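Engineer: The primary structure of each chain is shown beneath.
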Amino acid sequence: MAITEFNALSADQLPKQKTLWNHVTRMARLQPLGTAGFVVILVMVFAAIFADYVAPYDPVIENYEYMLNPPGTFDETNERTFLLGTDAFGRDLFSRIIHGARTALLVGFTASFIGAFAGLVLGVGSAYFGGYVDLIFQRLMDVFMAFPLVIMALAIVAIFGTGTEKVIIAITIPFIPRCARVVRSSALALRELPYIDAARSIGYSHTRIIVRHMIPNVMAPFLIMLTAFVGQAILLEASLSYLGLGVQEPTAAWGLMLQGGAEEFAESAPWVPIWPGVAITLAVFGFNLFGDAVRDVMDPKLRSQN
Amino acid sequence: MKGLAPRVVTAVMGAGLVIGAAIAQAATPQKGGELNIVVGSKIPSYDGHIESTFGMIHPIKPFYSGLIRVNPDNPSSPTDFVCDVCAGDVPEGTEGGTKYTFKIRTDIKFHDGTPMTSADVKATFDKIVFPPDGIASNRKAYFKMVESITTPDAETLIFKLKHPSGTFIPSVAMPFNFIYSKKDLDKHGYNWHQKNVNGTGAFMYVEHIQGSHVKGAANPNYHHKGKPYLKGYTALSAPKMSVRLQAIRGGRADIEFRGFPPKAREDLVKALGDKITVQESDWNCVLLVTPSHKKKPFDDARVRQALTLSIDRHSGSKHLSNIAIVKTVGGIVFPKHPLATPVSELKSNIIGYSDDIKSSIAKAKGLLKDAGQSNLKFTLLNRGVDQPYKVVGTWLIGQWRKAGIKVEQDVRPSTPFYASLRKQKDFDVSIDFNCQSIVNPIADVSKFLPTAGNNYASFSDSELEKTYDRLLQTADVDQQKTLLRQYEKRVLNDLTSQMITMWWYKINPHRSYVKGWKIAPSHYLNQSLDNVWIDQEEKKRHGL
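Quick mapping for you: the protein sequence lines, in order, are chains A and B. Anchor point for the first sequence: position 52 equals 52 in this note's numbering, and the numbering is continuous, going up by one each time. Anchor point for the second sequence: position 267 equals 267 in this note's numbering, and the numbering is continuous, going up by one each time.
Just chain B, with the same shape it has in the complex (with noise of 0.2 angstroms):
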């Protein structure tokens, strides 16, 4: 019943995929090159401390540096951490796991010669973590833990926290803590960076023409010695996914690094054969059902359940997989990381992940009727973006129907949809989703707590709080694994406050003849683009 075609996609891609990574493993880094991205989205501000869309770090990142960074050479581990602007390894927590002693590098320079010392490290944190009344910080949030940041010398930073905590580090990894200039902050003020650029990234900004591009050229004083490899970068803005498509087959650009859906990948691999490289990942984002628990009958436990169990993940993913950007069946962690239950557990414990799915849906059917609501009926919210928005509604208002569940679709352009998500919660049931920069699971569960900005259930539970606050207070792995065992169970199980569908997954199709990128577990990730660089005979070969 299948044609031809798509075997020969599949075996071309495989190929691809083999070939690609015994090249870029095999090959010697090459100097020079431009290189052309292609960007989906708009660029609000300059400001990485206030930001937080992929639209501002493809562009933007490469003019800045981090304290430290997620490893480019092995970006798919969630647990590998570098140092960037600082020198050696990256610390271990010292006194009780209290303490961060950094060392930080003293031949770097920002891009207007201006040398970096700790001071200007620890304004930016002191920014990030203190920001002043009236200056936005969007990741303060994430060091509620840290009491004090000092500098002893123009060497040393240290951070001092209230407690252990196993949040820190990956905390202080995010790709959107760029390092500004103290002096820069002193004399321009804490603005300054929306609309300004000097950092001490591997690039050094050339210009922006508002929705045309941003342009960027190697720094020659980096401090990553002999890199970066290119001469130059071009950040193309264009924000219709055809447009970007046919960018990369015409060779107008190199690369995306957001990712496209499966069936886009198969054209530009079918089109452009072994002149496409394919990378792909398991994605730190995830779409959540959310019942609005104040709404009738969704404050019945029972209903809520009924929901999940009549939703068959595991062969939603084999089968949405094909046309979506998700893939992986998980819990409330990143499946990757070592904190995350493995599906054979989640399989036993949580309901809703039974491969038995007909035995799931006849207990739908009987907590429904228990619940006396036989005859469900429901409108559900969802956000006007195809991938994987739409995909993922459409497919479960054909799950729910398998237990005789009645549901019409709401689906809203972005800001009406978050209007009524977040500030009207109007809704009975609506899409919401958990998206990541790094994978730090203690600090991306915060989602699933009642008293979360970012929840939208409507809910109370004293006892998910007191895990959660237990959970931050220790640094301590096998107690942090038993206690987000719990904390899962409570949210997917005993509460089903709300609901895990799939994990996203990371297609990211470029030129092959574009080198030394490697894809991690979100797109707002490993965008320095100091390892990158160009093979020029394998670009002659494209006709390029």
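Isolated chain A, as found in the complex (with noise of 0.2 angstroms):
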């Protein structure tokens, strides 16, 4: 019997370990645009857990002496700054918007994790079951479905009224269906798999069989889904509050800054509507640009492309 002989080979001769770091390059070489999105992201979380220590100002607190302060406005005798200047209220602009982070990623990630799970649940389950289970769930669905997102947020909060948590219950809400028709569609393949098949006879119960075996399988369209839903609840809350139906005052939230500023200052105090509308846009931005890369990395035919 031949006996084959390993030479020990050096530390340089061996393949180098990718390092954390290396990974976060070869992520912004190949998805630039994801990575810029993802740091948008990290700054706005880091934001909202840290609001408390990195606002120079409480969000709430009026101070009628500093009302409508344009940016970068210093006052000598008290060494106060408003870097973003201040509102009606003489509420520093800079502090609101950090505050302002958290009611957005609270409502955004809130709403889109309940709404994708629920969607995800019912959507395989759905697909599993099939029959008269399924089509009476994909008829729920479409009724739903029938109505534009903002509308049926619209209508939730009219039931069910206003307030932070009100607004992620009607967004929640509406994404539940959207969830559910797109991981349904990738379930009803995989209900026909012979490992399906084989799980049923050997007699696992339904729930092992879609938590086990199903739903990790339909991870990839469920995880594009939701990033992309982050960025849409953020946008649909601050679209309620901006209509006066969403979040209410003091609490710091951009639409509601968008909306007491818009009409009344764009002309004489720009800078009320121009920061949470920034604020507004860059966390939408930054939520898409990233879910793009998700999908990019997970759907298999982009992947190749890369």
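Mixed in with the good hints, there may be bad ones.
Said to hold, decoys possible - Computed footprint of chain B on chain A, listed as stretches where at least three residues anywhere in the stretch have a Cβ under 8 angstroms from a Cβ of chain B:
1) 59-65
2) 159-165
3) 244-253
Simulated from the structure, these hints should not be mistaken for laboratory data. This one's a predicted model, so the numbers in the text were calculated from it and none came from an experiment. The beta carbon of each residue, even a glycine, is placed where N, CA and C say it ideally should be.
Assembly of the complex is requested from the two constituent chains, each provided in isolation within its own frame, with the hints serving as guidance.
Structural biologist: Structural data, given as structure tokens:
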């Protein structure tokens, strides 16, 4: 019996272990826009978590001495600087933008996670059971999807009322059928695969088959929907607040800030509507870019092109 | 810290006000020209007897006259009334103030050519005061003191009252009391005027395109000789404030009668300089805070008193008047009326009006502690209208925060807001308002009566009712004043059943070539447009 001899390789001959930094730079090289979006998201998350420490002033405390001060105002007497200016109540816009990130992410993440997960379970369940269950669920989804997102959210706010929690509910509900429909189409194909039949034949419960064997295999479309939903939810929350049906004063929320400034102060104090507008744009842009990158990475067809 | 721009704007505005006022006094009215008005609300119907909105008054009032009206040359006075279709001066009460005899002019014609007599005025007031079953009359309650209306001849109309009343003459002068033709009422019924117009006003109806405009043309037979000066007018419908503002700025419209917030005034003045005249006035409209007495802990007077003590009205007046249509500090009576309590007296006698806000807040905290409500939290119900509701609501929350009270705001569109305030009464504390046309203090303060249909605080108090009954039945001004002070103290101090925030402030910027129109303490008043004229030379200077 021949003995093959292996010579130990020296450290520099071994293939280099990829560090996290390598992964980051590679990702940045392959998906520069997605990375930019991710950076925006990171900044938002940081601002939201550490808002109490990062914001220079309390976002809800009114200070009428400083009403409608332009960006960069410095009050020598009290040594106060208002980087982005102040609003009609003398509140620091920079602090309100930072705290507004908290509201945006709270609504955005909560609504999209709950909506997407509910849609995932319903979509996969509907595809797995098929027959009348699928038929009834899908017609129900058709009813919900017949309404545009904003109209549906407006109708729900009209029923439940305004406020952060109610806005989350209003945004979550229209997300459910949208996610369920996409996930179902993937799950329908999975249902016909032999390993699902095998799982059935050895007596696995429906729950086990759905949770352990089907859901993990529809994660790609699910994650793409999820990232897209966060951006949509932020935009929807801003829209509802702009219409006066979302989060209410004095809470710092970008749509509300935009609404408070757009009509009355667009000319005399343009910084009041501009900054929340910029914040909304950046946030939605960030999540959309990141969502596109996630889709590119997870879609095998697109991945092979890279 | 402040820029130069606001000072320039203020200077130009001041100059505009002074120059505008001087020109208005000096110039002689010119005939001709069309006035373009922008109106921010819809027209529910043309019938003044059942409507309460400026959306109807601004485009429709010029078609109609009243028996008497506020003096169009002195509309800022809350006590100066003149005859419209009556002759001579507004009559004094006789027989102990229980009989008012009006002499009716005989040279007046309706737009369809029918001569107007005292029978038409009687038919009109019969519809308002004694409407038949099933016929609505929004101002019936103001005429509870009227026993009978008679017409001994075609030139005389007599109101007989059950008791003397200080509210009668102002009630007659309300701009909604359109004079209708008896012939129309007899022939077409009491609902005909909801969709048809036939008045004796300065202008005759031309057309109404729903959602677009109402057009009127000068009435050649108008009873105030030499008037109207305008050839006609168009009332353009523009629900959005920005549209109304831009319409005036761009010359599409000349004037808006309801009023703009201070920033809009500054924008217009900045853009148009001396081509804009700004008229400003105290407004017979006030925002209130109404706690629900049936809800804990607002059933406890100490908690309600803590709420009013925490509100710094004087500083609010100074600051909020820069961003909202509120300004004047006052009690329950319109502050510019002789019966109103002066601010100096309010400061010393009524809680929440002191200059020393620190001490007031300390007292508020003490009261809350005594009531076991040191960590008081509640939801403020508010109406989803920016000016001034949402601005004042946000300001109030900031005021209460200083006393350690945590408040969330529940802002609802008008319909659900009214449903909660008026029907369900399920709120903790709500923003409420008291807005009237004619300044009629004794009638206006009925809002604070626990039995009033428009009081939503859910409480009862026999003392308040008794004081008001006595107030209703006296025509003596000194006694009225004394009783009003007692009533006010009971409402704001003893019970703190409701709280006054600030009185509104009316700002009407308009093109400087619009002359003759004078601002009144209500956006419902002085809307006959018979005094208004266009300075054609000035208009040319505007390039229009």
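Engineer: Against the structure shown, which of the earlier numbered hints fail to hold, in ascending order?
Structural biologist: none
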